[in-house]
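Enquirer: So the chains spell out like this:
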Amino acid sequence: MSQTFRRPEGGRIKRNKPVAFRFDGRALTGYEGDTLASALLANGVHLVGRSFKYHRPRGILTAGAEEPNALVTVSRDAARSTPNLRATQVEIYEGMTAESQNRWPSLAFDASAVNDLLSPIFVSGFYYKTFMWPAKFWTSVYEPRIRAAAGLGKAPELPDPDRYQSRFAHCDVLVIGAGPAGLAAALAAMESGARVILCDEQAEMGGSLLSDPDVTIEGQSGRQWSTDVIMALALSDRVTCLTRTTAFGYFADNFVALAERITDHMATPPASSPRERLWQVRAKQVVIATGALERPLVFPENDRPGILFADAARTYLNRYGVMAGRKTVVATACDSAYLAALDLHRAGVEVPAILDIRREGGALTAAARAAGIRVETGATVTGTRGRLRVASVEFGHVQADGSVRHDAVLPCDSLLMSGGWTPTLHMFSQSRGKLRYEEVTGRYLPGRSAEHERSAGACNGTMALGAVLDEGYAAGENAARAAGLATRGTKTFAVAGATTPDGQVLGALPHDRNPGRVKAFVDFQHDVTAKDIKLAVREGFRSIEHVKRYTTTGMATDQGKTSNMNALAIAAGALDKPIPAVGLTTFRMPYTPTTFGIFANTSRGDLFDPVRRTSTHDWAAAAGAEFENVGMWKRAWYFPRQGESMHAAVDRECRTVRAAVGIFDASTLGKIEVVGPDAAEFMHRIYVNPFLKLEVGRCRYGIMCRDDGFVYDDGVVGRIAADRFHVTTTTGGAPRVLSHMEDYLQTEWTDLKVWLTSTTEQWAVIAVQGPKAREAIAPLIEGIDLSKAAMPHMSVRMGTILGVPCRLFRMSFTGELGFEINVPAAYGKAIWEAVHARVVALGGCPYGTEAMHVLRAEKGYIIVGQDTDGTVTPDEAGVGWAVGKSKPDFVGKRGLARADLLKPGRTQLVGLATVDPKVVLEEGAQITPDADPAPRTHAIGHVTSAYHSAVLGRSIALAMVERGRSRLGETLHVPMPGGAIAVTVVDPVFYDKEGGRLDP
Amino acid sequence: MRFSFASLLRNAFSAHTGWPEQWRSPEPKAAYDVIIVGAGGHGLATAYYLAAEHGITNVAVVERGWLGGGNTGRNTTIIRSNYLWEESEALYDHALDLWQDLSQVLNYNVMYSPRGVMMLAHTVHDVQVSKRHVHANRLAGIQNEWLSPEEAKAFCPPLNISRDIRYPVMGAALQRKGGVARHDAVAWGYARAASALGVDIIQNCEVTAIRRGPDGAVTGIETTKGPIGAKKIGVVAAGHTSVVMGMAGLRMPLESYPLQALVSEPLKPVFPCVVMSNTIHAYISQSDKGDLVIGAGTDQYVSYSQTGGLHITTHTLDAICELFPMFRRVRMLRNWGGIVDVTPDRSPILAKTPVKGLFVNCGWGTGGFKATPGSGHVFAHTIARDEPHPKNAPFTLERFRDGRLIDEAAAAAVAH
Amino acid sequence: MLLITCPICGPRPEIEFRNMGEAHIARPTPEGTSDDDMAAFLYLRSNPKGLIAERWRHVHGCARFFNAVRHTVTDKFVTVYEVGAPKPDLAALAADLAADLAAREAGR
Amino acid sequence: MTPEIKRVGAFEGLPAFPATSRVKAVPTGPLARILFRGSPAAAASVSAVFGAPLSTVPMRAGEAGGRAALWLGPDEWLLIGRDGEGEAILAAIAGAVAEPHSAVDVGHRNTGLVLSGARAVDVLNAGCPLDLHPSAFPIGMCTRTLLGKAEIVLWRQAADRFHIEGWRSFAPYLLGFLAEAAREYA
Ligand SMILES: Cc1cc2nc3c(=O)[nH]c(=O)nc-3n(C[C@H](O)[C@H](O)[C@H](O)COP(=O)(O)OP(=O)(O)OC[C@H]3O[C@@H](n4cnc5c(N)ncnc54)[C@H](O)[C@@H]3O)c2cc1C
Ligand SMILES: NC(=O)c1ccc[n+]([C@@H]2O[C@H](COP(=O)([O-])OP(=O)(O)OC[C@H]3O[C@@H](n4cnc5c(N)ncnc54)[C@H](O)[C@@H]3O)[C@@H](O)[C@H]2O)c1
Ligand SMILES: Cc1cc2nc3c(=O)[nH]c(=O)nc-3n(C[C@H](O)[C@H](O)[C@H](O)COP(=O)(O)O)c2cc1C
Ligand SMILES: [Zn+2]
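Residue numbers (this note's numbering), protein chains in the order written: chain A, 1214 to 2213; chain U, 1386 to 1801; chain P, 83 to 190; chain F, -12 to 173.
I should point out that these hints are in silico values taken from the structure, not numbers from a laboratory.
There is no bait here: all hints are sound.
In silico DSSO-like cross-links for lysine-lysine, where the CA-CA straight-line distance does not exceed 30 Å: (1) F:Lys136 x A:Lys1847; (2) F:Lys136 x P:Lys158; (3) U:Lys1653 x A:Lys1732.
Predicted model only: the values in this text are computed from it and were never measured.
Chain A with its partners taken away, still in its complex shape (with noise of 0.2 Å):
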């Protein structure tokens, strides 16, 4: 029979919804609205993981986030694989598959179980102290041993077909946690007419209300409050609310980012529908209800299958009508745990024995005992039995003096376990406000904060719940007034039937047994024991944040929800010094873990960044082209004709160039209008160049420096008008020379009347180039005499082509006859096809940045970024003829006069021409004077661009070379992994150097 430890009735699970799913193969039955824990418990099943170091037989703990033991793996499909998910949090549905982790060949029989054997050695931070002999089997032996037993689950070996989404938001008011403090919480502020939201980590909102069968609120009881509070905050419009949603990071100014789950859930998913969502919400207000988390006990073998946390034994039985067991026994030191008794109890379960550590017991050890049940009080367990599960509990009494006298064992199934309350300081801490220790309760609690909001409820250490509800309803109010609405007052709640949880214990609890021997865990996961700690201390780690990373408690996969007060008190201990001395390690996002998915949400593939495509794009693709990206821009990179390489395309498009004609999108470059009546004082100013005197309708090449004297731009520029500029840019450089501009505008030269925008996407470019330009593009032109004495090189004229309006540039890149159309992009594609059709006539073809980069290079022309990096003046970049000497100031000018920029000895552009012609450079190849340089010998220069010229028939290289221009003619090597290859320092313009071409 199945879910034989279901119990009839009771729980807030569909019975008439029963649910098969899969649990290492086992086909198991559950209901809907079970967790993958809750029903693994209905069937009997306790033992669901293996610890990380020990691998030692674990089950479930908890009933909530905090799980450290019971994780699986979750797989809908191979693509569709989740590791590392806890048990306690995952919600079965039709068939699930589940499969438990860090074990081989099975759980039940772990070969790496030897390890717990091995543990008087595997203490923590023996690998530091061992595994360096002989040392290079670190890497061939040790290492990859280490790296095969550590790690839990497997990633997924196929991409994530699912999807992601994102999701900013604003409210008044944030609350965080529904359970009774932040439902009154979100109550208080919707009446006040805030708009709010409220999430909650788990499928349903009430928190603890939903474990908790005997309270009354208001007259009703606790379950169907919450229902009501739930249905009147859903049926607001100003409420949002959100369930499977963690507040997981909180960052400054109240920006706090929720998970939502959205699908992880359903048996078939919506296609439609992403798997998460991330809320990115500004707040501007937070209540923060989290609640707070049990503590486990350190006892010897606290940590058998079987064991559990009493309270989350409790939800088990009265949300999901699950026991844990069939005999339990029940170790506390809070009333809390008396709850769980008396209510597994009534269920008829039996509970040999409560023992309480408290010498007195607490409020309801009477009612306990009058129940029926044996209270030991002042009593400890000394330890457990059983192999994959707890058989029996051994326990004794703390005597006067502290020993323990162990007194009797006890067979069972099961052990809940409480040490007292943590409250969830997680999202408080985030937000950087400071924690205050509360001696009496041993209780870190949120003191000062730093952003706008409050903690309400357990979290903020108020633990009886009418206390709660009022603090939490306070604090609702308080943060919509805050936020500006005007609200109703406080209110408070009436309650019955409700117990404080009173009473706890931290760290280690005594025992009789060798306490060199036996393993009292206190970080479950990571097998940290209570003395692991004491000999961290005992080495010298004194902060607990070396005691963290050196023993790694609290740094598993729940970090340190169950461990870190623990571990805080035996550190502590072992230090003489009070808890607050010793201080807690910090919190940090997320609260739980969270899918990378779900940060990169849309952002992928073609929304990864945003593709730029010129509007020639679909008719280069048509044509063939190969593209490159350049920035965000796709560019056509050579048009390849059927069967040809990239080679002998880019020779074929350089050829046709400057035997003919080509065509060529430069709508790429960036392009910046400069308007005003101050425009050309500005120019002057911004580059190296003189600008003031160029007259309307000649360009001038610009040259961009920072204040620093290097490089940082280039471009043509062309003025249109007195009081008007085309400015363009490099492709790359376009944003950031944009911006360089305005910041000189807006501050620091705030008395010009300059105004710029960004024209870059306002004008396709279509470059035509090579001898027969001008005959390309004549007929097509209309209102421009292109005539050479019209229109002389570096000029720009205004007309239209085809009809449509046009700037007309006369310049060049290539060094042949040229010409750039700028047409309002919308005609791009339009005017393009034509001057293409033009090009094809006379010969030519289209030719891409390949290409183009060949061309320039054959002429000596620069390329910023390529041929400069940032460590390069005008000068030296062969450009020294566009400073403008004698002018007063320009962005540039006093960095160029710092004492190293005038040394001699800076490398300079030249050209390279290699010895054997056929041998194309390696741009980026470094430059010596020996052929056979020793090792480490000094390179005085590398190789900028290299390319193999159709036209020369040879290579070509620019290179910056120290001293370059000095060494004209003198033969240097470029050392290479097959041998160095001679090169000639030339001159760096290869072809037409009297530049006859360009204006023939």
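Given the coordinates of chain A, assemble chains U, P and F with the ligands onto it according to the supplied hints.
Expert: Using the frame of chain A, we list chains U, P and F with the ligands on its own:
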């Protein structure tokens, strides 16, 4: 007590009660020959080499928090030496040499794992820059090789080399000797070895002032544990260097930015090497424990907050998911931040200062973990001899005045 | 992601802004500026642990530059002001902050 | 103009937006757009000839006679008119504004689409970090901001209708981003 398998075994029989403190935690003496400010890896290594190689053992390392708790304890531990400029190559390769047997020298397993560091190129420009590094490194005798996308995939099987992604991988530079190490162990190993040689490591002791004599030379420091005299002071305070140097009236060419990193939940081995992509900003490796260790970019503003913005994290993870799409379902376990001290040329400063007796070692920014042994080694030399070691001679403060920058940033915008 | 108050547009998310470095670093004239002063202009920053006067630009908003005082430990903005306005007295602002903190500390 | 010279809008040829009853995105088609920069006084002179007023209140659009002036910055307005009006608007400005200023045709740089429907705000907030609640972003408000990794100008024309302007080459990204966000409302 020497660490070895034998001593481990021996101690197992005495329930490990016999281990001594790995380092002493003494109260400060009245004065020391040398005070090192900052017990990060660099400061501790400096102290160790002062004692081990220069016989200067009357040394204190003062630390405002816990040793190794600065960037040393927060970094993604990428180790490589394939930098561009000769000055950097020499310095980082010196460190790489020292990494090779550091565990044995310190008698502390720092888990230096030369699993290879692969730096991806996504654009033609990236390819040019990467190849420039490869060639420069080869000439300098530093191993660095160029891989095709297929070779890169063979070296790192999870890598997505599809041509269809937004920025396809066009190749990669691989330094096989590069890798990772266990960051905490580096700090602890140096601390233990230095302490054994007599160095006092004084934690929870914040320097609040630097005292100077009538001739302007340093005479000591004020701390939260009182004044301590010193003949020489070496400041190795990473993100806080500006603050400490300000106490001696010096302004520094530094800005401190938050830099974030994160780890995933532990996974069985899936990622065999280190992969860096500067173009799309992602750095990833898998630790011995099984977590994916991922580095992000810096925030845009100066901050000492040791946290950073969510948008930085989202950007990092979208890059990781694009390159390794099977990791989309993997989950982040923890995210944190450090404070990195960035110089204008992204190269460190390891130098004497205009103040007599005051030395500074800073500016390692986003990439100084790899240099820890080398940095400590040459800085100890600089302090002991009052003159720089040849390897750190170029890394002066004056280079910013003269304009002789060692501009790793300009050349490549490389982070770690 | 910080919430930054643009003097013109009001509070807006950090991703709309660019930090443009420390404010009030006067650009020297080419003549009569020593190499040391030039280096200070180009490279030396106060990089304080505490209040910093810095430049921001609301680049994806009104596109204007403005100045702000921010605390580099808490990342909280203390004030924003126009380009060209004098540098606020950071010491006085720091004293106000300290007093405010003390008052809140006493108040709880 | 020769007839075969066709204009190609930035949204042409892109996959259609999966419009539903709850959200749809429709390109505006060609519009005249002038980026005007200058002092408020200069802007006032423009208002007189442009028709729609250039707001001096930040982040507000002025609308009249089928024209709109979107405040982008204290010295920057985006003037939108009907297709073909660009030249006339530029001429009118040149004629009427004596103060120094800049007027630049950006009719092809920018492209626009209108996102509307009950889910428009949710879809926008998938990538727009601003508070789009009517109390924070009322009808008539406009501003530059971000949508995912692209800059946009966002202008609320009605409770559930937004005009979105972006640069031409970002059109596929903007449409793709909005479509991805709208998928779940299909
Ligand atoms: C997220 C992140 C990722 C990184 N990734 C890499 C990487 O992959 N590879 C790499 O090579 N590098 C990386 N780095 C950089 C690297 O971490 C640092 O360059 C390096 O660790 C610096 O070491 P350090 O000893 O100089 O500084 P730290 O370790 O920061 O030590 C400085 C110490 O000075 C102390 N101190 C400061 N002020 C005072 C005072 N007034 N009095 C006393 N003590 C003081 C601090 O508390 C601190 O402990 C990364 C950094 C970060 C933050
Ligand atoms: N068993 C007991 O006796 C016992 C123990 C402790 C508390 N309580 C009672 O519980 C009540 C406390 O109520 P409360 O409202 O403060 O706490 P609660 O535990 O009832 O509710 C907290 C809620 O916050 C959610 N949550 C926590 N962190 C979250 C995050 N980061 N993101 C999203 N959701 C998150 C939890 O899922 C939970 O639903 C009191 O009545 C108290 O007496 C009872
Ligand atoms: C390489 C590396 C690996 C880490 N692995 C883990 C880990 O597995 N689990 C964990 O909780 N933290 C891990 N951390 C993060 C630390 O817990 C911690 O966040 C970091 O040292 C910064 O300190 P802080 O968060 O206390 O400020 C790792 C840190 C580094 C540098
Ligand atoms: Zn603004």
